[in-house]
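**Q** Each chain is listed here by its residues.
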Amino acid sequence: MKKQILSVLVENQSGVLARVSGLFSRRGYNIESLVVGRCESPDISRMTIVACGDEAQIEQVKKQLNKLIEVIKVTDITERKHVERELALIKVNAEPGDMRSEVMQIAGIFRAKVIDVGSKTIVLEITGDSGKIDAIEELLKPYGIYEMVRTGKVALQRGSATVLNSK
Amino acid sequence: MKTGAQILIESLKDEGTDIIFGYPGGSVLPIYDVLYDSGIKHILVRHEQAAVHAADGYARASGKTGVCLATSGPGACNLISGIATANMDSVPVIALTGQVPTGMLGNDAFQESDITGITMPVTKHNYLVNDAGNIRRIVREAFFIAGTGRKGPVLIDLPKDVQTGQVDESENLKTEINLRGYKPTFRGHPKQIKSAIKLIAEAKRPIVYAGGGVIASDSSAELIQLAEMLDLPVTTTMMGLGAIPAHHPLNLGMLGMHGTEAANYAVTECDLLIAVGARFDDRVTGKIELFAPNAKVIHIDVDPAEIGKNKAVDVPIVGDAGEVLREMINLSETLDIKKKDPWLVKIENWRENHMMKYRDDKELHPQYIIEQLSGILEGEGIIVSEVGQNQMWAAQYYGFKSPRQWISSGGLGTMGYGFPAAIGAQFAKPDETVVLIAGDGSFQMNIQELGTVSQYNVPVKILILNNMYLGMVRQWQELFYERRYSYTELPQVDFVGIAAAYGIPGLKVEDKDDVEAALKKAMETDGPFLIDFRIEREENVFPMVPAGAAISDMIGCHIPDKEEAKR
Ligand SMILES: Cc1ncc(C[n+]2csc(CCOP(=O)(O)OP(=O)(O)O)c2C)c(N)n1
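From first to last, the protein sequence lines stand for chains A and B. Yeah, the first sequence ends on 167 if you go by the numbering used here, and it's all consecutive. Yeah, the second sequence ends on 567 if you go by the numbering used here, and it's all consecutive.
Derived by calculation from the structure, the hints in this document are not laboratory data. Since this is a predicted model, take the numbers as computed values, not measurements. Warning: the hint list may mix true and false statements.
[Said to hold, decoys possible] Calculated lysine to aspartate or glutamate pairs in the EDC-like style (CA-CA distance at most 16 Å, straight line):
1) B:508 - B:489
2) A:67 - B:303
3) A:63 - B:303
4) B:183 - A:11
5) B:194 - B:282
6) B:309 - A:54
7) B:520 - B:289
8) B:296 - B:323
9) B:309 - A:129
10) B:194 - B:323
11) B:183 - A:54
12) A:81 - A:129
13) B:339 - B:228
14) A:62 - B:303
15) A:132 - A:95
16) B:311 - A:84
17) B:309 - A:55
18) B:311 - A:55
19) A:2 - A:70
20) A:113 - A:102
21) B:311 - B:282
[Stated by the list, open to error] In silico negatives: residues of chain A with every beta carbon more than 10 Å from chain B:
22) 11
23) 18
24) 63
25) 66
26) 96
27) 134
[To be verified] Covered by chain A, per the in silico footprint, the following chain B stretches (three or more residues, Cβ under 8 Å):
28) 113-125
29) 425-438
Quick reminder that beta carbons are idealized off the backbone N, C-alpha and C, glycines included.
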């Protein structure tokens, strides 16, 4: 089982997301994350899909995605040079005193931003690759994480390569 | 100013639609009002499932795109098995459905169902139209999508206020189709085509495995030309029947679960398998690891997702079968590819000794009926089947001469498909003899269409191979469940009487000796005719590859005589 990152350009229309996710669900493949949003042109959305499967499964999914009328281009960027980022917001227990300063210290090391401070909690914003977010999550766990949200991966190829000009 | 419904009908006419199979209801009233004096013929079926199957049968017989129309909610939902049938067999069909007004969408309004949501996995594409101004573009796109590449059904859902919405169409009407996400490949890659020819030149035991794609792309002439040029034996799937004449010396007949011994042995022994417009369906391949186990594989298909899906391929060629075969013919003309003699001798032997056979005694055997029919029609006409044993006997014993003569639900195996599809086929080809081969079970799934046949005097000949069983299921119970016939027996029905109630003439036939005369009578009768053949009840379809076995592992190849069978 390999993790694959697919960068998919789709028409910005209602129903596209259901079609795409349907392709995965009917084959029993799990989507690890799917991020969709506007991209450089307003009538196109870019999806970044991270999915697990063996090579044949992923190959089939790519081909099926390409068959969807509203899918403009699918590129598997796993093996290509790319940058990837994920963003997380973490609401962590941070009672004033030692605890709070320890949490702030961890945040500092990871270059996480404090975006909300409550009487007992703070909310951290952290950006990075998934490994970095996993790491800070591990470190913060002992203090007590109230809530957390991760965006899922977004990725772009490095240099001048784009989804549209990639073969 | 025009209404959405007017634009819809105009757009359909622009696409060449002259017939619609449909059933009205509240949310399609505006469309029906325009249809009334539009010049498009509308056939009122008796159930929406029949509308979509008829549109499908029309499409398969004519090569054009079939159109059906249903109201929202229950009407639309009744289309689903028909849409799925067309989708599995890649048939171009446009399904038009009414919908509740846009303002009520999602409110569980009366007769609302989310038909675009429901049909998403069984359509090639679908549309929920939210503005009358989009109808013209969407209809054009829908026909383009349905009828190109790997063909398939497209559904257009039309809310009632969109049908009545006013549009000022003073600006340009001819919208260009611009679907950047849909660019089917037609021409095969020249390098791959060269590699394919090289493999063919090197092969000692090549065989062509041709599927429904050859029929859909109207490329059977090219297939035959290439096969004759290079001495390539050919086997076809059930969907590919007619791609090469049944009695052509290179044709080994159908392969797969109920294929000929000749075809199944040849595929098992070949060293090169040339798949054209076929998709390695499990009913064809049996145990996939043992399907053409020692062969290199060339796979020609218009749908890239089919290539490598079930079987590893050495030379993949994405493209229209006709285009690719023409290229292959051009390339082969300059080459001198030797006849593969020992292989052809073997093929000839198999053809002589291992084609279809059955116990031909005094009893009324269904195979005999099909043979007689084939003789009387001289292999012409359009044969439409239901699903089950009737379908397999028709596929095995009818001597098809050309493509689009055989119409049957392959991928989905939809009982109830045949009768309405035969009606659709008859409207597509009014001058052809259209014959339905049905089981008593399947026929009763859309038996209400006798009403349609009667109303429009559709001259289909209905042949029921009546065994008072859900025969194919009974066969599996006999062979694999110790003859425990759990809920597969059907009581006798007076089909001739039912037909008579609809004003359709018919005959009951119990004796072998009466078969020929009855068939002739049916063919000579103007208009529809029904024959209720009371066949040998426990006749089986043989040969048979048990599910999951290799296709060379057939049972029932030796047909015992009656005494032997009793022992
Ligand atoms: C809609 C539907 N329901 C159930 C089946 C399963 N099935 C396949 S063949 C068959 C029996 C068909 O019986 P009949 O139409 O009498 O034909 P026969 O096999 O006797 O020729 C059944 C129930 C099916 N293919 N389609």
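**Q** Compare the structure with each hint and give your call.
**A** Status of each hint after checking the structure:
A hinted pair counts as satisfied when its Cα atoms are at most 16 Å apart, and residue 508 of chain B with residue 489 of chain B does not qualify at roughly 20 Å. A hinted pair counts as satisfied when its Cα atoms are at most 16 Å apart, and residue 67 of chain A with residue 303 of chain B qualifies at roughly 8 Å. The straight-line distance between the Cα atoms of residue 63 of chain A and residue 303 of chain B is roughly 9 Å, inside the 16 Å bound, and the hint therefore holds. For the hint pairing residue 183 of chain B with residue 11 of chain A, the CA-to-CA distance comes to about 15 Å; that is within 16 Å, so the pair holds.
Proposed proximity of residue 194 of chain B and residue 282 of chain B is contradicted: the alpha carbons are some 29 Å apart, above 16 Å. Proposed proximity of residue 309 of chain B and residue 54 of chain A is supported: the alpha carbons are some 13 Å apart, at most 16 Å. Of the pairs offered as hints, the one joining residue 520 of chain B and residue 289 of chain B is violated, with about 47 Å between alpha carbons and a cut-off of 16 Å exceeded. Simply put, residue 296 of chain B and residue 323 of chain B have alpha-carbon atoms about 22 Å apart, too far for the 16 Å limit, and the pair is violated.
Restraint check: the Cα-Cα separation between residue 309 of chain B and residue 129 of chain A comes to about 33 Å, which exceeds 16 Å; the hinted pair is violated. Between residue 194 of chain B and residue 323 of chain B the CA atoms are separated by roughly 14 Å; this keeps the pair inside 16 Å, and the hint holds. This hinted pair does not check out: residue 183 of chain B and residue 54 of chain A have alpha carbons roughly 28 Å apart, beyond 16 Å. Restraint check for residue 81 of chain A and residue 129 of chain A: the C-alpha separation of about 14 Å stays at or below 16 Å, so the hint holds.
Between residue 339 of chain B and residue 228 of chain B the alpha-carbon distance is near 10 Å, which keeps this suggested pair within the 16 Å criterion. This hinted pair checks out: residue 62 of chain A and residue 303 of chain B have alpha carbons roughly 13 Å apart, not beyond 16 Å. Under the criterion of a C-alpha separation no larger than 16 Å, the hint pairing residue 132 of chain A with residue 95 of chain A is inconsistent with the structure, at around 24 Å. Taking the CA atoms of residue 311 of chain B and residue 84 of chain A, the gap is near 35 Å; set against the 16 Å cutoff, the hint is violated.
For the hint pairing residue 309 of chain B with residue 55 of chain A, the CA-to-CA distance comes to about 12 Å; that is within 16 Å, so the pair holds. Proposed proximity of residue 311 of chain B and residue 55 of chain A is supported: the alpha carbons are some 14 Å apart, at most 16 Å. In summary, the hint linking residue 2 of chain A to residue 70 of chain A is not supported, as the alpha carbons are separated by about 26 Å, beyond the 16 Å threshold. For a cut-off of 16 Å, the pair hint linking residue 113 of chain A to residue 102 of chain A stands: about 14 Å separates their Cα positions.
For the hint pairing residue 311 of chain B with residue 282 of chain B, the CA-to-CA distance comes to about 11 Å; that is within 16 Å, so the pair holds. Not every CB of chain B is more than 10 Å from the CB of residue 11 of chain A (nearest about 6 Å), against its label as outside the interface. Look at residue 18 of chain A: its CB is around 6 Å from the nearest CB on chain B, not clear of 10 Å, so calling it non-interface is violated. Separation of residue 63 of chain A from chain B is inadequate, the least Cβ-Cβ distance of about 4 Å not exceeding the 10 Å criterion.
With a closest Cβ-Cβ approach of about 7 Å to chain B, residue 66 of chain A is found to fall inside the 10 Å limit, against its non-interface label. Under the 10 Å C-beta cut-off, the non-interface status given to residue 96 of chain A relative to chain B holds; the minimum distance is some 48 Å. For residue 134 of chain A, the requirement that its beta carbon stay farther than 10 Å from each beta carbon of chain B is met, with the minimum near 35 Å. Coverage of the segment 113-125 of chain B by chain A holds in this model, with 6 residues showing a Cβ closer than 8 Å to a Cβ of that chain against a need of three.
A count of 0 residues in the segment 425-438 of chain B with a Cβ less than 8 Å from any Cβ of chain A is obtained; the coverage claim is therefore unmet, three being the minimum.
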